[in-house]
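Asker: Protein chains in written order, with this note's numbering: chain P, 136 to 537; chain C, 25 to 395.
No wet-lab data here; the hints were simulated from the structure. Please read these numbers as outputs of a predicted model, since none were measured by experiment. Every residue gets a Cβ at the ideal spot worked out from N, C-alpha and C, and that includes glycine. Please note: incorrect hints may appear among the correct ones.
[Stated by the list, open to error] Footprint (simulated), chain C over chain P, 3 or more residues, beta carbon under 8 Å:
hint: 1; segment: 294-300
hint: 2; segment: 311-325
[Said to hold, decoys possible] Label-pair distances were calculated between CB atoms; the ranges are:
hint: 3; chain 1: P; residue 1: N202; chain 2: C; residue 2: R102; range: 21 to 31 Å
hint: 4; chain 1: C; residue 1: Q167; chain 2: P; residue 2: F226; range: 54 to 64 Å
hint: 5; chain 1: P; residue 1: E397; chain 2: C; residue 2: D27; range: 50 to 60 Å
hint: 6; chain 1: P; residue 1: D269; chain 2: C; residue 2: D101; range: 24 to 34 Å
hint: 7; chain 1: C; residue 1: A87; chain 2: P; residue 2: G335; range: 25 to 35 Å
[As the list claims (entries may be wrong)] Listed next, the in silico SDA-like pairs over lysine to any residue satisfying Cα-Cα at most 25 Å (straight line):
hint: 8; chain 1: P; residue 1: K216; chain 2: C; residue 2: K300
hint: 9; chain 1: C; residue 1: K312; chain 2: P; residue 2: Y444
hint: 10; chain 1: C; residue 1: K281; chain 2: P; residue 2: L400
hint: 11; chain 1: C; residue 1: K300; chain 2: P; residue 2: K139
hint: 12; chain 1: C; residue 1: K274; chain 2: P; residue 2: T486
hint: 13; chain 1: C; residue 1: K353; chain 2: P; residue 2: T486
hint: 14; chain 1: P; residue 1: K267; chain 2: C; residue 2: K287
hint: 15; chain 1: C; residue 1: K353; chain 2: P; residue 2: C430
hint: 16; chain 1: C; residue 1: K287; chain 2: P; residue 2: T486
hint: 17; chain 1: C; residue 1: K300; chain 2: P; residue 2: G522
hint: 18; chain 1: C; residue 1: K300; chain 2: P; residue 2: L400
hint: 19; chain 1: P; residue 1: K216; chain 2: C; residue 2: K353
hint: 20; chain 1: C; residue 1: K369; chain 2: P; residue 2: K216
hint: 21; chain 1: C; residue 1: K103; chain 2: P; residue 2: C430
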Amino acid sequence: MQRKECVAMLLAGGQGSRLGVLTKKLAKPAVPFGGRYRIIDFTLSNCNNSGFDTVGVLTQYQPLALNTYIGIGSHWDLDRKNGGVTVLPPFVKEMGGEWYKGTANAIYQNIEYVDRYNPKYLLVLSGDHIYKMDYSLMLDFHKEKQADATIAVIEVPWQEASGFGIMNTAKDARIIEFEEKPTVPKSNLASMGVYIFNWGILKGYLEKDENNPRSSNDFGKNIIPMMLQAGQRMFAYPFKGYWRDVGTIESLWQANMDLLSESPLLNLNDQEWRIYSVTPHHPPQYIAASADVNCSLINEGCMVYGSVYNSILFPGVYLGKGSTIRDSVIMPNVRIGENVTIEKAIVGVDTQIEDQCKIGCLDEFCQKCNELCSKITVVEGNIVVSGGQALKKSCKFDCKVG
Amino acid sequence: MKDVMGIINLMENEDYLKELSYHRPVAAVPFGGRYRMIDFVLSNMVNSGIRNVGILVQHQYRALMDHLGRGKEWDLDRKRDGLFFLPPSQYNNQGIYHWDLRHFYNHLDYINYSRHKYVLISGVNVLCNINYQEAFKFHQAMQADITIIYKDIENQSINLTQSHFVDTVEDGRIIGIEISPAKTTSNKMSMEMFIMKKSLLVDLINSCHSRGECDMVRDGFIKNLHRLRVFGFPYQGYLATINSVPSYYKHSMDLLKPEIWRKLFYDQGKIFTKTKDGPPTKYNEGAKVSNALVANDCIINGIVENSVVFRGVKVGKGAHIKDSIIMQKCEIQENATVEHVIADKGVIITKDKHLKGEEHYPLVIKKRTVI
Numbered sequence: 136m137q138r139k140e141c142v143a144m145l146l147a148g149g150q151g152s153r154l155g156v157l158t159k160k161l162a163k164p165a166v167p168f169g170g171r172y173r174i175i176d177f178t179l180s181n182c183n184n185s186g187f188d189t190v191g192v193l194t195q196y197q198p199l200a201l202n203t204y205i206g207i208g209s210h211w212d213l214d215r216k217n218g219g220v221t222v223l224p225p226f227v228k229e230m231g232g233e234w235y236k237g238t239a240n241a242i243y244q245n246i247e248y249v250d251r252y253n254p255k256y257l258l259v260l261s262g263d264h265i266y267k268m269d270y271s272l273m274l275d276f277h278k279e280k281q282a283d284a285t286i287a288v289i290e291v292p293w294q295e296a297s298g299f300g301i302m303n304t305a306k307d308a309r310i311i312e313f314e315e316k317p318t319v320p321k322s323n324l325a326s327m328g329v330y331i332f333n334w335g336i337l338k339g340y341l342e343k344d345e346n347n348p349r350s351s352n353d354f355g356k357n358i359i360p361m362m363l364q365a366g367q368r369m370f371a372y373p374f375k376g377y378w379r380d381v382g383t384i385e386s387l388w389q390a391n392m393d394l395l396s397e398s399p400l401l402n403l404n405d406q407e408w409r410i411y412s413v414t415p416h417h418p419p420q421y422i423a424a425s426a427d428v429n430c431s432l433i434n435e436g437c438m439v440y441g442s443v444y445n446s447i448l449f450p451g452v453y454l455g456k457g458s459t460i461r462d463s464v465i466m467p468n469v470r471i472g473e474n475v476t477i478e479k480a481i482v483g484v485d486t487q488i489e490d491q492c493k494i495g496c497l498d499e500f501c502q503k504c505n506e507l508c509s510k511i512t513v514v515e516g517n518i519v520v521s522g523g524q525a526l527k528k529s530c531k532f533d534c535k536v537g
Numbered sequence: 025m026k027d028v029m030g031i032i033n034l035m036e037n038e039d040y041l042k043e044l045s046y047h048r049p050v051a052a053v054p055f056g057g058r059y060r061m062i063d064f065v066l067s068n069m070v071n072s073g074i075r076n077v078g079i080l081v082q083h084q085y086r087a088l089m090d091h092l093g094r095g096k097e098w099d100l101d102r103k104r105d106g107l108f109f110l111p112p113s114q115y116n117n118q119g120i121y122h123w124d125l126r127h128f129y130n131h132l133d134y135i136n137y138s139r140h141k142y143v144l145i146s147g148v149n150v151l152c153n154i155n156y157q158e159a160f161k162f163h164q165a166m167q168a169d170i171t172i173i174y175k176d177i178e179n180q181s182i183n184l185t186q187s188h189f190v191d192t193v194e195d196g197r198i199i200g201i202e203i204s205p206a207k208t209t210s211n212k213m214s215m216e217m218f219i220m221k222k223s224l225l226v227d228l229i230n231s232c233h234s235r236g237e238c239d240m241v242r243d244g245f246i247k248n249l250h251r252l253r254v255f256g257f258p259y260q261g262y263l264a265t266i267n268s269v270p271s272y273y274k275h276s277m278d279l280l281k282p283e284i285w286r287k288l289f290y291d292q293g294k295i296f297t298k299t300k301d302g303p304p305t306k307y308n309e310g311a312k313v314s315n316a317l318v319a320n321d322c323i324i325n326g327i328v329e330n331s332v333v334f335r336g337v338k339v340g341k342g343a344h345i346k347d348s349i350i351m352q353k354c355e356i357q358e359n360a361t362v363e364h365v366i367a368d369k370g371v372i373i374t375k376d377k378h379l380k381g382e383e384h385y386p387l388v389i390k391k392r393t394v395i
């Protein structure tokens, strides 16, 4: 096996339980995003665009959709003779096997995979963030600082800082302290979950961590603090640009909506930094004479007879006459009948919504149940919502319309 | 269909699509928002189970090779079989007929050494969504030597004088073939898709070659009608014959009828094409789109009406596109108006310009023109 300077390990085994029904049958990285992508497309495309061609993808929770989606990596140009994408699920060993206990343990269990390429550096990524980043610049930074570990950080608003892993740094960007979700943050530099390690050094810590039965085998909780304590040279690489954790329904919806502004912070039209994905081979979208489309993203294979405002339609969506969609995300192959209203909702794949349904609502206050109901309504994938039903996130009743 | 190989014949005797085909073969002419003409026949072959396709290309085939590559999008990048380009021999470029057997003769080795028993030959200017399995079953059931797939044309709104017509008797046997008749006696238009044993094709190539004859249909089929069992298989689905700029325009506009959209793109299988990984199409404030076919990767700020818009098109604020075909990467800038226009790839219509063609004579704008 030809030596590689740097191998990337992509952690894609998370359940993403906060995404509720959307991750019932899917791992979080496989959740559709942005009209024609899945969340993992951003990280895989970043790898290819940064010139990293050896990527191990660690899967565990509901891997079927993810594994078939990744395939041999050809859609991201990562089908390589030497290197390329390798899907790494947990496996049985001579002395029995076990599930990945944590992010660090997942890498530990695949030391053999990394060692095959005998790399100098290891890039650790997570498959549940939306961003465009050139990892090769971060590697240059890592080399320049002669670091043992480099952690990518992004400035977050101070009031939100207590929700992140916060890095406290010295003037030269050296990390002096790491605090996981501090109540009183001393800095607003949040860890993006992107790490570069010197592989030889990291391997030692992974082994040490594995021997500690009380460790939760996690990079943020165990490995990073342990390395800091031991006085390793650790630096914070400042990233500027759009980066979002889409781990909750609210953040997933908001990140989708971010794409709809006239010049979005995350530019998908950038020819120099394409986000690749698996193409479903649909014909162009058909916008009928009765349709009205504004401030929206629409995809191939869609047939639109109704009105779409501030929304995203994934490929193969059918929208019947007289129906209106506002501020919503409609996932692939959803069929929506006539005179349906969908507001502030996420509708899962292959779901069918029959005529006269009312899904979600934009009103701040619900007249029917006297409650605040500005929450996002999520409709599960692969179901049929029969005609005339009303579904609302925070309503107490599934009140029939009319 | 494991036993059948496909040959796609791209020989053309004239530039019948004018500006659209001066610099590219008809096979590479963009159609339907994101496809090229050849995508249809190639996808049909693949969807029918054919795993080996040779393409007899004419001059200027770079655009085509760029589009097809190794055939990955059609699942034809195989270790064995797959996609083959059969380029013309350098010394044999004079007097090309559409069904010139001399090109087949140049590639006799490829035809001979493939391990398939049958061959399906087709051109590219008849667009349809057909599964060849039925026609192949018919071919075997009739113990035919040659099966020609044809379509019953009821009302001819389009000039089809360049097409072949067949005359059949009750059991489907063909008793006459007319090539480009001035006045047609039959309404069975040959789709120029032929099924036969490979050995028969090789015989026809050799015998015609030895007699100095060259046209497969005229010299190979018509002269042997009495000797060979030649049958016609009726195709029932939708088809579009592209043989002129007006027919190209008409059939493009027909895609705006949802039933035709569905028939051509989904009937028997999906139509594959080179993927571009473009983002979804963005409709900004001020976009007003009605009755339009729009591909991905467009940014729309203006009005689009009764039109086909290809991938990567930018429509500026206040711009108005009406009854037009706008190909990939065109830019219609602010307040520009186009009506009955076919804009080839990369055309830029600058601010405030107005361009207008006629319904029966659409204005074709050459590739990369800036107006």
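Asker: Run every hint past the structure and note whether it holds.
Answerer: Comparing the hints with the structure gives:
1. 294-300: It is violated: at least three residues are needed, and the segment 294-300 of chain P offers just 0 whose Cβ sits closer than 8 Å to chain C.
2. 311-325: violated (count 0)
3. P:N202 x C:R102: 21 to 31 Å: At 23 Å between Cβs, range holds.
4. C:Q167 x P:F226: 54 to 64 Å: 56 Å, holds
5. P:E397 x C:D27: 50 to 60 Å: Holds, at about 57 Å.
6. P:D269 x C:D101: 24 to 34 Å: The hinted range 24 to 34 Å holds for P:D269 and C:D101, with Cβ atoms some 30 Å apart.
7. C:A87 x P:G335: 25 to 35 Å: Violated: the Cβ-Cβ distance is about 51 Å, outside 25 to 35 Å.
8. P:K216 x C:K300: With a Cα-Cα distance of about 23 Å, the restraint between P:K216 and C:K300 holds, given a limit of 25 Å.
9. C:K312 x P:Y444: 12 Å, holds
10. C:K281 x P:L400: 37 Å, violated
11. C:K300 x P:K139: 29 Å, violated
12. C:K274 x P:T486: Measuring from Cα to Cα gives roughly 36 Å; hence the hint is violated.
13. C:K353 x P:T486: 34 Å, violated
14. P:K267 x C:K287: Roughly 39 Å separates the two Cα atoms, so the pair is violated.
15. C:K353 x P:C430: 21 Å, holds
16. C:K287 x P:T486: The hint holds at about 24 Å.
17. C:K300 x P:G522: Between C:K300 and P:G522 the Cα gap is close to 38 Å, so the pair fails against 25 Å, i.e. violated.
18. C:K300 x P:L400: 22 Å, holds
19. P:K216 x C:K353: 34 Å, violated
20. C:K369 x P:K216: Violated - the C-alpha atoms of P:K216 and C:K369 are around 35 Å apart, more than 25 Å.
21. C:K103 x P:C430: 46 Å, violated
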